[in-house]
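Keeping their order, the protein sequence lines are chains A and B. Residue 346 in UniProt numbering sits at position 346 of the first sequence, and the numbers go up by one each step. Residue 150 in UniProt numbering sits at position 150 of the second sequence, and the numbers go up by one each step.
Some clues are possibly wrong.
Said to hold, decoys possible - One side of the interface only, derived from the structure: several residues of chain B facing chain A at Cβ under 8 Å:
no.	residue
1	L85
2	I89
3	G223
4	G237
5	R366
What the hints assert, rightly or not - In the DSSO-like style, the derived pairs of lysine-lysine whose C-alpha atoms are separated by at most 30 Å in a straight line are:
no.	chain 1	residue 1	chain 2	residue 2
6	A	K260	A	K280
7	A	K159	A	K171
8	A	K280	B	K280
9	B	K171	B	K280
10	B	K159	A	K171
11	A	K260	A	K159
12	A	K280	B	K171
13	B	K280	A	K171
14	B	K108	A	K171
15	A	K280	A	K171
16	A	K260	B	K171
17	B	K280	B	K260
Hint data in this document are derived by calculation from the structure and do not stem from the laboratory. Remember, it's a predicted structure, so these values are computed and weren't measured experimentally. From the three backbone atoms N, C-alpha and C, an ideal C-beta is built for every residue, glycine too.
Protein chains: 2
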Amino acid sequence: MRTALTDLLGIDAPLVGFNRSPGVVAEVSRAGGLGVLAATMYSPEELDAQLTWIEERLDGRPYGVDLLVPGHTAPADPADLLASLQSQIPPGHVRFVEELLERYDIPKPSTPREQNPEILANLDPSGVPALLDVVFAHPIALVANALGAPPPTLVDRAKDAGVVVASLVGKPEHAARQLDAGVDVLVAQGTEAGGHTGTIATTVLTPEIVERAGGRPVLAAGGIATGAQMAAALALGASGVWCGSVWLSSHEDITPEPVKRKFLAASSSDTLRSRTRTGKPARQLRSAWHDEWEGEGSPGALPMPLQPLLTAEAWSRIDDAAEAGHTGATALESYYIGQVVGGFTALRPAAEITREIVDDCTARLRELAGLVGDPSRTRPQTVE
Amino acid sequence: MRTALTDLLGIDAPLVGFNRSPGVVAEVSRAGGLGVLAATMYSPEELDAQLTWIEERLDGRPYGVDLLVPGHTAPADPADLLASLQSQIPPGHVRFVEELLERYDIPKPSTPREQNPEILANLDPSGVPALLDVVFAHPIALVANALGAPPPTLVDRAKDAGVVVASLVGKPEHAARQLDAGVDVLVAQGTEAGGHTGTIATTVLTPEIVERAGGRPVLAAGGIATGAQMAAALALGASGVWCGSVWLSSHEDITPEPVKRKFLAASSSDTLRSRTRTGKPARQLRSAWHDEWEGEGSPGALPMPLQPLLTAEAWSRIDDAAEAGHTGATALESYYIGQVVGGFTALRPAAEITREIVDDCTARLRELAGLVGDPSRTRPQTVE
Numbered sequence: 001m002r003t004a005l006t007d008l009l010g011i012d013a014p015l016v017g018f019n020r021s022p023g024v025v026a027e028v029s030r031a032g033g034l035g036v037l038a039a040t041m042y043s044p045e046e047l048d049a050q051l052t053w054i055e056e057r058l059d060g061r062p063y064g065v066d067l068l069v070p071g072h073t074a075p076a077d078p079a080d081l082l083a084s085l086q087s088q089i090p091p092g093h094v095r096f097v098e099e100l101l102e103r104y105d106i107p108k109p110s111t112p113r114e115q116n117p118e119i120l121a122n123l124d125p126s127g128v129p130a131l132l133d134v135v136f137a138h139p140i141a142l143v144a145n146a147l148g149a150p151p152p153t154l155v156d157r158a159k160d161a162g163v164v165v166a167s168l169v170g171k172p173e174h175a176a177r178q179l180d181a182g183v184d185v186l187v188a189q190g191t192e193a194g195g196h197t198g199t200i201a202t203t204v205l206t207p208e209i210v211e212r213a214g215g216r217p218v219l220a221a222g223g224i225a226t227g228a229q230m231a232a233a234l235a236l237g238a239s240g241v242w243c244g245s246v247w248l249s250s251h252e253d254i255t256p257e258p259v260k261r262k263f264l265a266a267s268s269s270d271t272l273r274s275r276t277r278t279g280k281p282a283r284q285l286r287s288a289w290h291d292e293w294e295g296e297g298s299p300g301a302l303p304m305p306l307q308p309l310l311t312a313e314a315w316s317r318i319d320d321a322a323e324a325g326h327t328g329a330t331a332l333e334s335y336y337i338g339q340v341v342g343g344f345t346a347l348r349p350a351a352e353i354t355r356e357i358v359d360d361c362t363a364r365l366r367e368l369a370g371l372v373g374d375p376s377r378t379r380p381q382t383v384e
Numbered sequence: 001m002r003t004a005l006t007d008l009l010g011i012d013a014p015l016v017g018f019n020r021s022p023g024v025v026a027e028v029s030r031a032g033g034l035g036v037l038a039a040t041m042y043s044p045e046e047l048d049a050q051l052t053w054i055e056e057r058l059d060g061r062p063y064g065v066d067l068l069v070p071g072h073t074a075p076a077d078p079a080d081l082l083a084s085l086q087s088q089i090p091p092g093h094v095r096f097v098e099e100l101l102e103r104y105d106i107p108k109p110s111t112p113r114e115q116n117p118e119i120l121a122n123l124d125p126s127g128v129p130a131l132l133d134v135v136f137a138h139p140i141a142l143v144a145n146a147l148g149a150p151p152p153t154l155v156d157r158a159k160d161a162g163v164v165v166a167s168l169v170g171k172p173e174h175a176a177r178q179l180d181a182g183v184d185v186l187v188a189q190g191t192e193a194g195g196h197t198g199t200i201a202t203t204v205l206t207p208e209i210v211e212r213a214g215g216r217p218v219l220a221a222g223g224i225a226t227g228a229q230m231a232a233a234l235a236l237g238a239s240g241v242w243c244g245s246v247w248l249s250s251h252e253d254i255t256p257e258p259v260k261r262k263f264l265a266a267s268s269s270d271t272l273r274s275r276t277r278t279g280k281p282a283r284q285l286r287s288a289w290h291d292e293w294e295g296e297g298s299p300g301a302l303p304m305p306l307q308p309l310l311t312a313e314a315w316s317r318i319d320d321a322a323e324a325g326h327t328g329a330t331a332l333e334s335y336y337i338g339q340v341v342g343g344f345t346a347l348r349p350a351a352e353i354t355r356e357i358v359d360d361c362t363a364r365l366r367e368l369a370g371l372v373g374d375p376s377r378t379r380p381q382t383v384e
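Using the sequences plus the hints, can you model the full thing?
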């Protein structure tokens, strides 16, 4: 299959596989798509090791990285910043989370935890140069920024290295600022997607972004987990697809098993957009956690970055206890996922998922042509 | 274009145009699609006249009707029922609506109004046989039920008359009860649609309903206003599309001009699902009305049918005042519309809209086949 995206990146099929598991990234690229590592949870040293591991499996095939580079560059002491932010969390919110965990009988951690590096990276721009040094020391083909338009610190280095810059857009009004920032590929992310997402559906958003992209390739994201859905994205004018949720049904994905089991049992109605995890609306699996935050006595979610600061330790405890089979933790357990979760029936190899999506898409596109006939094949009747 | 839907209904293109304006219905059918009249706002006598008017323009071409037939059949005195329901509306809600209208300086009606026939029909099943007598005296090709699975009173008469029964579904879990009720065509309505709608997007819902339809044709609804979107629906496995919102950008649509002007200026982000009009979540254009209901001092929406009883007169007054150019009424003015509203650029004839969607879809399907090549055209190299 050939589109503007396959030409730009030198890949066989216009399918990007976005995931935090190096195994998924390697398998998607090996199967002919482009694996993109969600790198926000790794320190520079960890990321360096992960990228090396991926490359050892790729035999020169292209892959990409998704970073969280803050737009602001004001120097700040991360310890001071953290303390200042923590002092802004109202005691009622702390109490609500503590009581919630007690009510579900979630065990306390045996050792105190460090704050999630993802939260710290988002607060502290001082680590960015080191992170970018690692990323651009590797032969990546594409770099994406996780939230908002990529800052010049990222775009300038990407251009120097000949690396394609991609960025996610949830509203047509935001396309212009992405193009101004120097983005090469726009990812139109519909409301049905997992994680941080807006309210506009993929069917409506994709053509709106294509119209505003000035000829640059647009990928459709949200609601794409099968060949039929990939064919629909191409019909909407996309040059390819950005798949995230579908890899949560792969063997290689590192999400805890209890969450994966909940995904396999879920229907497409079982997700919601909620601010209770990051402070911004993010689509995730509905669980007892959300019922509690919507129930009586809930103080409501705090804005980003206070809400993740408030809840990060609670989520570690819930994940650990659920992993051990704890009933209350299993009821609360959740993770980011799109509405395609309703189609998950079994865990499968990521390479098999990739090939099936692409093959089914190819077959579907050929079938669709049959609905309208092919005017170039109309031949004059043979005269007898 | 040939699909299971065009074969079933004897139409040229698998496009259903759903609208409350007889002019739109006639023009869609004349242009090769299937016009379906939203008949819930008409009395039996009015409906009889409208259907006759449509037929005079169709020269035997097929068209359809969408009804609101209550599932319950308990006899009730509509006057008593109305009084009983009105007594259930809390005085605080009545005061909130009165004060809202005062704050926006909306003029009082010169003569008292009768209750909207749509609300009465929904409450009072005693008028259903007369309505069905009218509908089945006309040569309709399709009948749809506006809310929920169609009752046997409707399905039995449709089967006797050889009329196709269609029904809207917003969740995969609801498909089975529609099939049990005897529905011939399922309409998968995504969250991006206007009016009463669920939370699952068209990209995800359409294949889920196709999988459960047991071979019956499925139409995609929600997010379909262009040929590219129609091609995407067919890619998702639909046998056609059910378009509603796009006709609000047609000349023939009877929606008040002030609302149409707001639609032309709106972006795809300017709709919301709100319970403040009917008591059930319905997608509509966001206006000052919704800001007020979400603001401080709002009592929150009542359930159906109390909320429409509470607000019907307010909406008549807002519509009338907005028509006369009143500033406050124009700020409050709104109507049901899907996210495709962001693509409206001008009012056009309904026939032109129909033909453009179908022609662009045909062209798009041919282009898509070009992405993958045609294996049947692969020829051996000529030996020189």
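Here's how the hints hold up against the structure:
1. Contact between L85 (chain B) and chain A, as hinted, is not supported at the beta carbon level, the nearest pair being about 28 Å apart and thus beyond 8 Å.
2. The interface hint given for I89 (chain B) is violated, since its Cβ lies 25 Å from the closest Cβ of chain A, which is over the 8 Å cut-off.
3. Against a cut-off of 8 Å between C-beta atoms, the interface hint on G223 (chain B) holds, since the closest Cβ of chain A lies about 3 Å away.
4. For the restraint placing G237 (chain B) at the interface with chain A, the shortest Cβ-Cβ distance is roughly 6 Å, inside the 8 Å limit, so the hint holds.
5. Because the closest C-beta pair between R366 (chain B) and chain A is about 6 Å apart, less than 8 Å, the hint holds.
6. Between K260 (chain A) and K280 (chain A), the direct Cα distance comes to roughly 23 Å. Compliance with the 30 Å bound is thereby established for this hinted pair.
7. With a CA separation close to 25 Å, the supplied pair K159 (chain A) and K171 (chain A) stays within the 30 Å bound.
8. Of the supplied pair hints, the one linking K280 (chain A) and K280 (chain B) holds, its CA atoms being roughly 26 Å apart against a limit of 30 Å.
9. Of the supplied pair hints, the one linking K171 (chain B) and K280 (chain B) holds, its CA atoms being roughly 15 Å apart against a limit of 30 Å.
10. Distance hint between K159 (chain B) and K171 (chain A) is unfulfilled; the C-alpha atoms sit about 45 Å from each other, more than 30 Å.
11. Only pairs whose Cα atoms come within 30 Å are accepted, and K260 (chain A) paired with K159 (chain A) is rejected, the gap being roughly 38 Å.
12. Using a Cα cut-off of 30 Å, the hinted pair K280 (chain A) and K171 (chain B) holds, with the two alpha carbons roughly 26 Å apart.
13. Restraint check: the Cα-Cα separation between K280 (chain B) and K171 (chain A) comes to about 26 Å, which is no more than 30 Å; the hinted pair holds.
14. Of the pairs offered as hints, the one joining K108 (chain B) and K171 (chain A) is violated, with about 40 Å between alpha carbons and a cut-off of 30 Å exceeded.
15. Under the criterion of a C-alpha separation no larger than 30 Å, the hint pairing K280 (chain A) with K171 (chain A) is consistent with the structure, at around 15 Å.
16. A C-alpha spacing of about 22 Å is found between K260 (chain A) and K171 (chain B), which places the hinted pair at or below 30 Å, so the restraint holds.
17. Annotation: proposed proximity of K280 (chain B) to K260 (chain B) holds, straight-line Cα distance about 23 Å (limit 30 Å).
Consistency with the previously given hints fails for numbers 1, 2, 10, 11 and 14, ordered from lowest to highest.
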